[in-house]
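Participant: Protein chains in written order, with the working numbering: chain A, 6 to 596; chain B, 6 to 596; chain C, 3 to 288; chain D, 3 to 288.
No wet-lab data here; the hints were simulated from the structure. Predicted, not measured: the structure shown is a model, and the values here were computed from it. One should not assume that every hint holds.
Short, incomplete list of chain B residues facing chain D, as computed with Cβ under 10 Å [stated by the list, open to error]: (1) 238; (2) 239; (3) 243; (4) 256; (5) 282; (6) 283.
Pairs of lysine to aspartate or glutamate, EDC-like flavour, derived with a Cα cap of 16 Å [stated by the list, open to error]: (7) A/553 <-> B/555; (8) A/532 <-> A/581; (9) B/553 <-> A/555; (10) B/454 <-> B/437.
Note that the Cβ used here is the ideal one computed from N, Cα and C, for glycine as well.
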Amino acid sequence: MSAPHVLIRIGGEGGEGIISTGDLLSRAASRQGLCIMTYRTYPAEIKGGLAQFQMKLASDPIRSIGLRFQHLMAFNQEALDAFHDGMLKGGTIYYDPAECPDLSKVSGEIERVPIPLTDLAKEKGGSIRGKNMVALGFLSRLASVDLETVAGLVREKFKRKGEKVLDSNLASLNAGYDLGDQTIDGRGVKLTPKSQRGQSIVISGNEATMLGALAAGCKYMAGYPITPASSILEFATRHLPRFGGTVVQAEDEISAMASCIGASFVGKKAMTATSGPGLMLKGELITLASTQELPVVIIDVQRGGPSTGLPTKQEQSDLKFAIYGTAGEAPKIVVAPATVEDCFYLTAKAFSLAEEYQMPVIVLSDTNLAVRTETVPEFDVSRVDVAERLRPTPEQMKDYKRYEDTPTGVSPIIDPGTPGGLHIAPGLEHDEYGTPCYTGVNHTKMNAKRFRKLETLSKRAEEWMADWAPVEGAELCIIGWGSTKGAIQEACQMAAERGIRVSHFHPRIVAPLPEAQIREALSKVKKVIVVEENFTGQFSHFLKAKFKFDPVEVLRSMGVPITPDEVLEEIVKVHETLHPAKPQGASYAHR
Amino acid sequence: MSAPHVLIRIGGEGGEGIISTGDLLSRAASRQGLCIMTYRTYPAEIKGGLAQFQMKLASDPIRSIGLRFQHLMAFNQEALDAFHDGMLKGGTIYYDPAECPDLSKVSGEIERVPIPLTDLAKEKGGSIRGKNMVALGFLSRLASVDLETVAGLVREKFKRKGEKVLDSNLASLNAGYDLGDQTIDGRGVKLTPKSQRGQSIVISGNEATMLGALAAGCKYMAGYPITPASSILEFATRHLPRFGGTVVQAEDEISAMASCIGASFVGKKAMTATSGPGLMLKGELITLASTQELPVVIIDVQRGGPSTGLPTKQEQSDLKFAIYGTAGEAPKIVVAPATVEDCFYLTAKAFSLAEEYQMPVIVLSDTNLAVRTETVPEFDVSRVDVAERLRPTPEQMKDYKRYEDTPTGVSPIIDPGTPGGLHIAPGLEHDEYGTPCYTGVNHTKMNAKRFRKLETLSKRAEEWMADWAPVEGAELCIIGWGSTKGAIQEACQMAAERGIRVSHFHPRIVAPLPEAQIREALSKVKKVIVVEENFTGQFSHFLKAKFKFDPVEVLRSMGVPITPDEVLEEIVKVHETLHPAKPQGASYAHR
Amino acid sequence: MPTAEKLKPNDYKTGREPIWCPGCGDFGALNAFYQALSELEVEPHMLALFSGIGCSSRLPYFVNGYCHHGVHGRALPAAMGAKLSNPELTVVVTGGDGDGFSIGTGHVPHIVRRNPDITYIMLDNEIYGLTKGQIAPTSPVGMTTSSTPLGSLEDPLNPVALLIACNASFVARGFSGDPKGLKDLFVKAISHPGFAFVDVLSPCPTFNMDMTYQSLRPKVSPLPEDHDSSDRVAAFARALEPVVYTGVFYHRRESIPYEKRHASLRAKQVEYGGQPDLAALIRKFR
Amino acid sequence: MPTAEKLKPNDYKTGREPIWCPGCGDFGALNAFYQALSELEVEPHMLALFSGIGCSSRLPYFVNGYCHHGVHGRALPAAMGAKLSNPELTVVVTGGDGDGFSIGTGHVPHIVRRNPDITYIMLDNEIYGLTKGQIAPTSPVGMTTSSTPLGSLEDPLNPVALLIACNASFVARGFSGDPKGLKDLFVKAISHPGFAFVDVLSPCPTFNMDMTYQSLRPKVSPLPEDHDSSDRVAAFARALEPVVYTGVFYHRRESIPYEKRHASLRAKQVEYGGQPDLAALIRKFR
Ligand SMILES: Cc1ncc(C[n+]2csc(CCOP(=O)(O)OP(=O)(O)O)c2C)c(N)n1
Ligand SMILES: Cc1ncc(C[n+]2csc(CCOP(=O)(O)OP(=O)(O)O)c2C)c(N)n1
Ligand code: SF4
Ligand code: SF4
Ligand SMILES: [Mg+2]
Ligand SMILES: [Mg+2]
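Based on the sequences and whatever the hints tell you, model everything.
Facilitator: This is the structure:
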């Protein structure tokens, strides 16, 4: 079935170093040339809750991580109780006997191996704080990750804490590794690195997003903290000023958005980042930016709604707001990264679109992308084409019209500080000069001008707009958007292994829709399955309004990413309706 | 063609009494048993701009007023210049020669009659402020409105200003009437009152809306001024306290919405009123109310967008925000009054729906309904059925669950102040008791519970949900929503007179859609025309997503109400495509 | 209205255990609040408790009453709607410095000048706790946090000075390390007929090491004996001093609560417009 | 930077005629503004003028410069984004009492404490002009308006006291009936390197008969000669007096504008993190 890989989950109390253990191990594996993907959940509460870190290591690029795992490292009883039934068949639980007194709930088929994390840390490292280092050493051995690489990362991490701390940690690390040597035997995993060392990076979606913004030349970032978008703001505060930009933690989302508009008005590339509740607060100002035709990028890292909802969980439920969330009619562009790599390139693209079409662009990321890390080819800054605003020709300067009604809909813009281009950016309906004008004829003309920009864009039908994986002879096509892509890809592959051919269409731009491409995808198949992580089928609704078809909707709102298995199951079901195994009569009786 | 009526427009400088002249005349006509409808535009600027008041008087109920008129009373040159080409053929302009020196632009076919408003007011009333009274007297005579009825209203209006002012005004009024006696002859209009005196009222949509709220038992109103919704707040401040309620002019729309939620939480029926820009600001809190399952009514009086847009003009462009404008998935109900009468009964209904389904209900009114006045049968308070919240049974009280997952989705509610029902209303996802709970199973269950309320509602398929005027043998059906109804009705009638049969479906509830009723309407015809006053076809989009059909979209975003003629024209066009007059070949060549 | 049996602090506990970190200052404030409620004999069903979003805004989950956990920054107007709609209720708002003075700032001057009989308990830890440690409006300039890696560039807001400028009728500051003093302030604040504000210094040991119980103790001091809490300018001057005073800065005795003004307005409207009769009102449009 | 030829007040006029009612106070403020710009020799292309929504917020349409007419209440943060992004520009905000102190209140304390070099000209008519006469946050209690038929129930907000509490570095009040004095205040405010606030009493003869040129003249008085504008408490005390003082209430001389702090931060980050090199930053994730 799928390529060789190992799936490890680490669970324990938040603050015990669960996350850093996972981080170090996966980064070391990546340095060795393996591909990794990780997935973590924080406790919804602030401290002391259950934290988990899951990682997948493989020779080949990884598309999805799933929710199940072969190896569980349980730091405490709570983790053991919560996670043991997520284990794949034939899996092994490694547990700290000092913290896990009760194994009675664990199914008999699961192997259990005691790993004295606490004791070894105390004994070898002199402090129980080294528990996670013991685990790290042990897991390195388990996954055949080079001890020296891991030790190097540990050294980097602790170099500022002084020799003593470092030595204690290294001692625990080695103790764990040695214990592994003695314990692991057949359970060890040997994966062959395929990529060359040093060509990949391990990075999260939020980090990639902000790097993409830097690559595009973003010079102003204002945000208000909100899970799971805060780390974009935090990353910006650490780096954007160095790149000549400005970062403001605003007093609220409205202020953040307003200040981006101000920055954009004076000619700077500006962005904000938020999640659902904050996005709603920005609605009025997003509409203003659209009306004033000012570029601005809004990152929306979706989380579970409605309202405060499931603030640390996964959901794709802000799409309809992103597309339709304006009173009055104001065009905007919506793109949705599907992978961590997309977070970089597509965010950079979002800036180009914003500048080129002079309108707000919403980037719909999500919790899953935001916090997972992944091995990706090192981002290539030279692949980012940086667009700038359209400037007036000398001819146009003779009678400068800020809102000139052009064939593309895009008008030339002049930045404050430049002599000769004085103008006003109005929120009122206006004529080509920006002077308020309320006639019906002018309103219709300016509406047409503003929306024409979307037509100009959607006519371009460029490759980046969608991933289209047509399969010869497929009767089914899956359409998904955003971070479900990997799971869908794996499911399609699994289906192919069972002889069910399924095409896969995954747009990166969700509004305006890449119409021609979708029409082509639809034309080739009998049935379409739309996969989304929400309750009401938001993208499906949008597609239906445009294309008048009747998809099977696979909707999940479980707070966790959909898995390839879940998608596969639905593929099989739909396939069966097209090729009923039972005699027709019986099949009808079923309905 | 259409029933006998007279169409008069008065134009002049804002502040010259244009509006009150129209108001008094139309009210007097109504008191005499005529039906009236009026339409006014204010200058977009504050003072000194052009104001106009148009009225239609008829024997039979009036559906739409259109934009053209037979009689124009021009107070000044600006009004003359701006309005003369809106005249119907054979019309007459009455103008004040003191203020209108230049008649050269007026087409030769239009009769022009000088009416010395200024001179007569000075001469007879002793003050040029009485100009509008001269006009009122004259127009009363023109429309055969009883002078005594008019004088009675004038007396009411000026009784507090003292005898002198009153006498001066009455003198001017009489002078105008007398002049009419001398001038009018053939141009006079005689309409026969059909309804009995005293059974009708003349009222605007905004007033009707607030009266509907009073009838439903609204006890809390908070708003922030915004054109064209402010008069709802103002009307509330004048009356709601007397009815035991509270009115707050909040510091912004967000506060208004939050305080409504607070009022609703303690058991009171609460409402707010706003327009597009304010509606967007309320989005986050509307979502909260939906999540906490608290009833609240939001009146959105639509105006021209986007952003500040065309703040005093007509547009139906907030629909998509009303339906889809939440990040995360939060059910709400959207209704749209089509007439001033609807403003009363449907607003009252909105309260019942809110209380019954424990969710926000958005009432989509618009500028046209808000400011036009209309003769309507006196509102019958006894026809309003006042719903109250579901209360727990004694059985349920034994283990009270505020968010009990019931077959209808509706849970019993207890108000603060009542012993025994302590609970928390959370914005976090929660279990049936209101305790935060983030499991996928619970989230899906509670999503289903909350959305089940919409299913429960849409299954009811009650008569109030839509106006459905099926025409035997019709190949066409027009679907509209909101205030376009009258124009569509007249257009259908005009089409019928030309032998084109057209059905008309006009839902009052636009979300959830009255599905069964729409399906029935769609099943009977070959082609559907959707009429909307916006640029992008918002309702059509929503319909297409649900019903997968291909309507002809008639979209207008001209800042003024669509007219029967415009609708008729489209009907004729579509009819011709179904029955091409030309030979087939030629018709194809057209495409 | 004393009940048959006096309610004890524990009677205000719900079954839910606070989810705060060990050592969080909010525990102290919660305990003081339980005690104040018990001392005032507030019946749980007459208590309406509102909050926004933040660690501190979770407090209502742990208090027996009718509780409302709304969205970030909107607890004050929600509470006002409730108080106006049922003046019998004891209405209290809790929340953090971010909730109240960042996203919620816009409501403060307005709710304050309307003066509804609401008690606002601000749990001020000079940090954003729930979102893991970004600067708050009350964070001192130069403070390094996850969103200010090289130090905050902003001068902090002074909640007490601000509330005095907004003419709040009761303005106090307390410290969660002084539960007895805090309880007393809560009792006074809840008893005050009008808007009462209590700024509670409540350390966040997880994300703010610049403001701990230890670092606060030497800085905190009760207002001088001779402080005249009826003098608004004097109160303002005290609020600007570097000493972190606790106690009642300002207390205006002539305080007509907003809900009382609305009650008078209702009476006045009946006087001018007659008894409520909807049919009669409709007939006016004839 | 004086230009070749000195700009005259008329050079700042656009072709657009103000749409205000005859007698509107905003005319006086606009003229004083033209004069101040001319006196300061602000080149139109270096002027960035922001406003919200309201009669007063229409002012930018009549001023030669790069102008931004945004949505209601958000001019301050928009202006801040502009100033931070191009510190060379002279950034001014105009708007009404409703725009700035009702829907926009939430931004005031925060923009103020950050102290960007922005001048905020508030045209205060104690009413909502554009929406035809509802109460504003500065309307006196008891005032009858279209939204308070029997008189307002709310005590007004005191803009000068509020701004002093927020620690604005320049706080003044002017009167559109005193154009010369107003021009001087504008000149001082624009010259002040930091956030400068000028509360301009600007009558609305159309909707507010309670505050007219006539009624104001006897109440208005320049601040006493001996007023010490560097004393924040004294300034606060003056703001609370019943006399309507004009002049500079508070002026803090040590004022580091926010944009300067950001410039220092940039330098510091380069010092610690090295020259900007995106590829190198990406490589750190290996
Ligand atoms: C509209 C919105 N924006 C942002 C957030 C994210 N958020 C939750 S709590 C919080 C601030 C918490 O700080 P504070 O109010 O001081 O409470 P504390 O946790 O420190 O007690 C933020 C920004 C949110 N929930 N909603
Ligand atoms: C979000 C939003 N809410 C409400 C309005 C309506 N509105 C426009 S101007 C205004 C207030 C005007 O008062 P002020 O700011 O004092 O300006 P003035 O007209 O008195 O100069 C209001 C409420 C709006 N445009 N946008
Ligand atoms: S993060 Fe801080 S404020 Fe939040 S619970 Fe922990 S200690 Fe308290
Ligand atoms: S309404 Fe008032 S504020 Fe507006 S322009 Fe007229 S006088 Fe000026
Ligand atoms: Mg805090
Ligand atoms: Mg004003």
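Participant: Work down the list of hints and note, for each, if the structure agrees.
Facilitator: Now the hints, each set against the structure:
Interface hint at residue 238 of chain B: satisfied, since its Cβ lies 6 Å from the closest Cβ of chain D, which is below the 10 Å cut-off. For residue 239 of chain B, the interface hint holds, since its Cβ comes within 10 Å of a Cβ in chain D; the closest pair sits about 5 Å apart. Because the beta carbon of residue 243 of chain B sits about 5 Å from the nearest beta carbon in chain D, less than 10 Å, this interface hint is met. The restraint placing residue 256 of chain B at the interface with chain D holds, with a minimum CB-CB distance near 5 Å, inside the 10 Å limit.
Interface restraint check: residue 282 of chain B against chain D, minimum CB-CB distance 6 Å, threshold 10 Å, status holds. Restraint check, residue 283 of chain B versus chain D: the minimum CB separation of about 9 Å is within 10 Å; hint holds. Straight-line distance between C-alpha atoms of residue 553 of chain A and residue 555 of chain B comes to about 8 Å, which keeps the hinted pair within the 16 Å bound. Restraint check for residue 532 of chain A and residue 581 of chain A: the C-alpha separation of about 12 Å stays at or below 16 Å, so the hint holds.
For the proposed pair residue 553 of chain B and residue 555 of chain A, the alpha carbon gap of about 8 Å is at most 16 Å, so the pair holds. A distance of roughly 10 Å separates the Cα atoms of residue 454 of chain B and residue 437 of chain B; the hinted pair therefore holds under the 16 Å criterion.
When held up to the earlier numbered hints, the structure conflicts with none and fits them all.
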